[in-house]
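Between the sequences and the hints, there should be enough to build the whole structure, so can you do that?
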Amino acid sequence: MTSIDQSILTLILLVPLAGAVLVALLPDRFKLPNWITLTTTLITFLLTLHLPAHFASGQTGFQFEQNVPWIESPAIFYHVGVDGLSLWLVVLVGLLAPIGVVASWNTIQTRRKVFYSLFLVQQTAMVGVFVSLDLMLYYGFWELSLVPMAILIAMYGRKEGPRAALKFFLFTFIPSAPLLVAILWLYAKTHTFNFADLQYQTASGVLPASALFWVALAFLSAFAVKVPIFPLHGWLADTYNEAPVALAMIVAGKLGLYSMFRFHVGLFPAQARAIAPLLIALAVIGVLYGACLALVQRDFWRLMAFAALSHLSLIVLAIYGLTFLGWAGGVYQILSHGVVDGALFLLLGALELRYATSVINSYGGLAAKLPRTTSYFVIAALAMIGLPMLSGFIGEFLILSSTFAGVSRPWAIAAAVAVILGAAYMLWLVQRLFYGPESALATSKPSADLRFGELAILTPLVVLMLVMGLAPNLWLNTIRTGVHPPEDIRSLQIKQNSSAQPAVTATQPTSEAQR
Amino acid sequence: MTPVHDIYRILPEVILTLTGVVVMLIDATLPPAWPRRSLGWVAAMGTTAALWASLWQLSLPEGAGFFSTVETSAFTVFFHVLICGIVLVALLLSLDTLPENTHHQGEFYALIVFGAVGMCLLTSAVELLVVFIALEISSISTYILAGWRKHTGRGPEAAIKYFLLGSFATAFLLYGIALIFGATGTTQIYQVAALAPAAQNQTLVLAGLALMLVGILFKVSAAPFHVWTPDVYEGAPSPVVALLSTAPKAAAFALLLRVVYEMLPNLRSIWAPLLWIVAVLSMTVGNLAALRQQNVKRMLAYSAIAHAGYLLAAFAGIGEIGIAAAAFYIAAYAAMNVGIFAVITLVAGYDEQLSLIDDYRGLIYRSPMLGSLLIFFLISLIGIPFTGGFFGKFYSFTAAVGGGAIWLAIIGLLNSGLAAAYYLRLALVAAQRPSEDQKIVAPKPAVGAAVIAALFLAAAATLVLGIIPGATLDAAQSAAHTLQAPPQSALPPGPLQFPQ
Amino acid sequence: MLVPLVILGILSVCGGWIGIERFSAYLAPVAAAHRPMPAGNPFLEFILTIVAVLVALEGWLIADKYYRRKPERPAQVAAALPNGYKLLLNKYYVDEIYGAIIVKPLLAFSKYVLGGVDLLLAGIAWLLAGIASMTGMILQRWQSGNLRSYAAWLAAGAAAVLLFLLLTGSPHAWSLPFFHSETIFKVSHITVIQNGQAGH
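Residue numbers (the working numbering), protein chains in the order written: chain A, 1 to 515; chain B, 1 to 500; chain C, 1 to 200.
Calculated from the structure, these hints are not laboratory results.
Among the hints, a few may not be true.
Claimed, not checked - Chain A side only, calculated, beta carbon under 10 angstroms to chain B, not exhaustive:
#1 Ser-73
#2 Phe-141
#3 Trp-142
#4 Pro-162
#5 Ala-177
As the structure is a prediction and not an experimental result, all values here were calculated from the model.
For each residue, glycine too, the CB sits at the ideal point set by N, CA and C.
See the structure below:
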């Protein structure tokens, strides 16, 4: 392990921050903020690529760890590390950032310094959530990730920016109050914020079960709103409607889903097991609800919002199915969804830039005028539907088959119906936007097809969709090491009774607790 | 142990008094036509000197002076530094934002400095009558300062209300002191601490405590004694509110810490539930009433009431943990509050041409620096991590949870979530694109070196407290330690005398 | 459109030779769920292949007869059986049946029922916000601006504090249990803090 491995995560966190400061200080001439942000995000992306390149595969537990005391009392540490679960999420954020910058190149014209510096701060906050192994540090980044998003939605919202931003912020912020109390309570009982130590403590039975129920519920409610899970999805449609494309791409779903994996199922396995039936039900309802409502939306941003609800609920189904295959599929689906959703956002943003409307009925027959846009859109739509050989298939198939085999047949069948509905609304969207008779709008506004810049960001995404669909093991191998098989949970609970006490230190890989 | 000359115990106060006198003398001798800005600089320099003197006092052995009426310890130094810092920032702010033709500018600066004398003395007084005197010194100067905008309707109204209600509350305080004296025969805090548990008439002690708390809770604008806050904050000039919402509150909280943790710690089972109720009431009333406020200063006044509630939650903490948490929160709250009122002064102008939330629309487009600072301070007030406001709330509620008051923490943090609604509303309006037909006649912000220094100090303090709170926390903890274990030399010599 | 068709054409001829093993390796992650099927009868496979080819050939022959050699025959057959022709032309009306039974009800259900649910959820959020807001407006009435009422509130507050402290500190048994610190503080015993010591 070279010395850079120790501090690579800190670098990934600090480079965007440094970029943000630079953007804020230098004047807004010659598109300087754009170039600085692009350079910063590209550098960060290259740094994130170091992680999978040097990840020791087959080894469970956290790698690239760095653990430095930050505050003495209460004892908060700057403790970061990645494992198979978070590794690719960090790379995904690293990938989507420069893409977002290029997407905003010409669309953001005013107050560019503010936009780009907040964009970079947002990136740091998101990476921080994925790599934090100290509960307070995690909470800090989790809250911080709300701020740039809210401000930028207010600044660049299409019609009702502040209202959507306020909704977005409050929906997520208010449930994080019980989360903080729960974290403080855990600290009062265990005197540690360290993830590995807390994992051991909650599994070992020293904490009263009745209190743990509420604590786990507090954690879950904060994450459930962020994903979102039905019925807490009220903020999603407005946010997708108003947010600038670059930000909407980044924010959807990943933080909440990762937190569920790591800090709910990971920290409170017994409570997760107890509440799993409810969440499976909510997830399947969400999958169907989102898909059905996506069918009847008239505005394509709102359609994307409900489609996202549907897809993210499928991943929640995977998480609370509590099967190894389901988890691997769920994480893979998060990655695929990030890529596919990102591409769709870019394409829809490009359409809106050209035709200044997001109402689906005003479009029609664009395939003749915008052939490249159409092809890319069709590929992305097919990936979203889950066509085999594209990235969406792998995760979807793993989730559905593991649910069918390991969890519950009726729920799996219900969720599979949603796949059909998914094809329905996506293909119908494609048809209404690009095929059929040419609409008045399409004829009146002559618009250019995808330009170089847009192609430059879309092509890697589409290629990625293809590669992820054909060679999933490139990613699944590392994901599998990060996602503990459910047997480990049972063995952790068995450990309560045994007297063998593994020494748990801050840097101990969590897998050792089960050996 | 070489005895320390008593004057060193009140060195900062002496420096501040001299500064104030010098300012008034120069003001009297200067020709009326000359600008008075330089007096502000004199006052600022004097305050800086007092700040250094406070830090120097750390080198003195802990103890009391002047017949055990004032003491120096880590606790007093912490608050002295805090109060002098706040006063400095307020002075720098006033320097640039007070219009040239403001009346009696020299006296303005002198009053601020004299007020600082009272506040500093309040934190180091260990004798109840000196406490009263110091409280009056600080209050009277703030009463006058509140009414500085003489020619408006709201200014004198604010001053009269503040004066009358403040005197009413101080009367309660004085009566409480009298009752304590009746019960224990002494007004020296350490002696009271020693004698009160054994006093014959416990009811008298309780009544005295109750009345003293009424007076102190008024000063910190805790519910149900908060009714003066919105009107006074709205009427007073914004630089004065920057001072008013932070420094006297800090001094009053220091006094509260002393009274409950040092003077009557054995009555914890009695005052702790009361403070719990007051905390919940303050948070809830402050936050709910702020939700519909359209006037920015009134909204921030309610927010000050709510923050008093969060601060009082720290008092549920046991012993040193509670004191340290409260001290840290006061520092963080002072930094962000003085910052946000500084920004408001710059945006709205001394004459407050822009007072409504809607007037702030598109601030970040008009003036990115001010807009970003406004949003930054609002975020700190909400309690987002990596700002001072978050750690303040964090320590406060950690202390509460450690002391067993879980429900207080839950209510407090839910209130925090609720509060985000109105802070964020202002922040988002400031971030919003200005509408095409908007005609905002924005006053030209008077941005000079002094104001930039003031804003920088406030913002830097908020950031530092959010990212590297360690140093301040250590200072707060040593402050807490000295409060819990008052120095032996502070106890008055000789056997304790009972009244016959 | 030409390029995809060419690719499909080539694949349709040689796609079968690509082999099944590579595909099952591709689906390896789910291999655990895959039970190896018993191999079928190769003779049956051959017969079925021949039958499939013959059917395709027959279709070609029919199309050749009706559309190339005797182009007027299709119209005559259609005229002879108008209803049957219409049925076949409209693909047994499957699309229409499907639309009426499945698509339209689904769309109506989604729009009205689920849309209604969505509105309900939004309404709940709006209601909660409204309650907070209304309470705020009520509390604002406290600030009447009237100095004497402020002083009265101050005095009332002072009286309440005095009463509370005296009741809490009172050793009498009739003081309400709420005022005991245990109910809100959940500490097992009263903390007594001596100078310099904090007890737990």
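We went through each hint and held it up to the structure:
1. Ser-73: holds, 7 angstroms
2. Phe-141: holds, 7 angstroms
3. Trp-142: holds, 8 angstroms
4. Pro-162: holds, 4 angstroms
5. Ala-177: holds, 4 angstroms
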